[in-house]
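A.B. asks: Going left to right, the sequence shown walks through residues 1 to 244 as our numbering numbers them.
Bear in mind the hints are in silico, worked out from the structure with no lab data behind them.
Virtual Cβ for every residue (Gly too), placed ideally from N, Cα, C.
Zero decoy hints are in this set.
Across the chosen pairs, the derived CB separations fall in these ranges:
id: 1; residue 1: V219; residue 2: R136; range: 33 to 41 Å
id: 2; residue 1: E160; residue 2: A81; range: 33 to 41 Å
id: 3; residue 1: P63; residue 2: A191; range: 44 to 52 Å
id: 4; residue 1: V133; residue 2: T197; range: 13 to 21 Å
id: 5; residue 1: L224; residue 2: G30; range: 40 to 48 Å
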Amino acid sequence: MGGALLRRWLAADMGPVAVIDPAPRDVPEGVFASSAPPAGRPDVLVLAVKPQLWRDAVAPLLPRLGAMTIIVSVMAGVTTAALTEIFPGAAIVRAMPNTPAAIGQGVTALFTTAGDLAEGAAEALFGPAGATVWLRDEGDFDAVTAVSGSGPAYVFAFIEALAAAGVAAGLEPGLAERLARATVQGAAALAAAESGTAARVLRERVTSPKGTTEAGLAVLLPGLVPLVGTTVAAAAERSRRLAG
Numbered sequence: 001m002g003g004a005l006l007r008r009w010l011a012a013d014m015g016p017v018a019v020i021d022p023a024p025r026d027v028p029e030g031v032f033a034s035s036a037p038p039a040g041r042p043d044v045l046v047l048a049v050k051p052q053l054w055r056d057a058v059a060p061l062l063p064r065l066g067a068m069t070i071i072v073s074v075m076a077g078v079t080t081a082a083l084t085e086i087f088p089g090a091a092i093v094r095a096m097p098n099t100p101a102a103i104g105q106g107v108t109a110l111f112t113t114a115g116d117l118a119e120g121a122a123e124a125l126f127g128p129a130g131a132t133v134w135l136r137d138e139g140d141f142d143a144v145t146a147v148s149g150s151g152p153a154y155v156f157a158f159i160e161a162l163a164a165a166g167v168a169a170g171l172e173p174g175l176a177e178r179l180a181r182a183t184v185q186g187a188a189a190l191a192a193a194e195s196g197t198a199a200r201v202l203r204e205r206v207t208s209p210k211g212t213t214e215a216g217l218a219v220l221l222p223g224l225v226p227l228v229g230t231t232v233a234a235a236a237e238r239s240r241r242l243a244g
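Turn these sequences into a full structure, and let the hints guide you.
C.D. replies: Here is the structure:
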């Protein structure tokens with residue numbers, strides 16, 4: 001996720017940017033990368049590490065932070081309260097982007113109690129990655145993580161399943177893959193173009209009475225809603241456990 005955001009920031013000419021990573025790799029040209037923090041005090045510190053490791057990872061950074069440094073966390077499950085323990089008095093923003101941010105088509109959920117300056121910095125950071133939404137309740141992050149943070153993987157899994165079903169129905173694998181990808185891409189583009197129309201209505205428009213789509217949905221829908229519900233609940237529960 002950090003790499004996807006970095007490339008969007010570079011494309012938007014936002015910088016300078018320094019990457020701190022014990023084993024930096026695939027870092028774009030012109031970006032300082034090291035296992036140790038650079039000299040100076042950053043305006044914004046973005047924490048994009050595994051939630052289980054973040055306390056150890058940030059320890060060497062504490063002496064380098066200034067009074068006006070804004071802390072932005074993209075770590076699942078790590079609360080503002082936990083961040084405040086390590087960064088007392090700092091302006092803290094929590095963010096949950098998703099991987100379509102790599103092409104400027106992501107959505108990032110944001111939360112802060114630090115005021116207008118922190119909000120403006122967050123909008124500037126995540127605007128190049130796509131849409132932004134502000135949460136009123138930090139507790140919503142677990143559900144957001146499960147829906148939009150993990151959601152692209154669910155869509156990719158559906159493409160896999162749809163392509164596999166096409167092969168089972170007699171299509172050549174390459175053709176089935178192309179059809180599945182293009183169908184999901186087109187349906188998503190239509191949903192975006194018709195953003196004022198409920199997804200249910202869009203589905204009903206495709207579903208002719210006693211037609212092929214109705215026959216397929218009669219099998220899909222009864223199991224889909226509970227399956228997706230269980231999937232999101234499992235991801236949300238994992239997010240809550242990471243906070244502990």
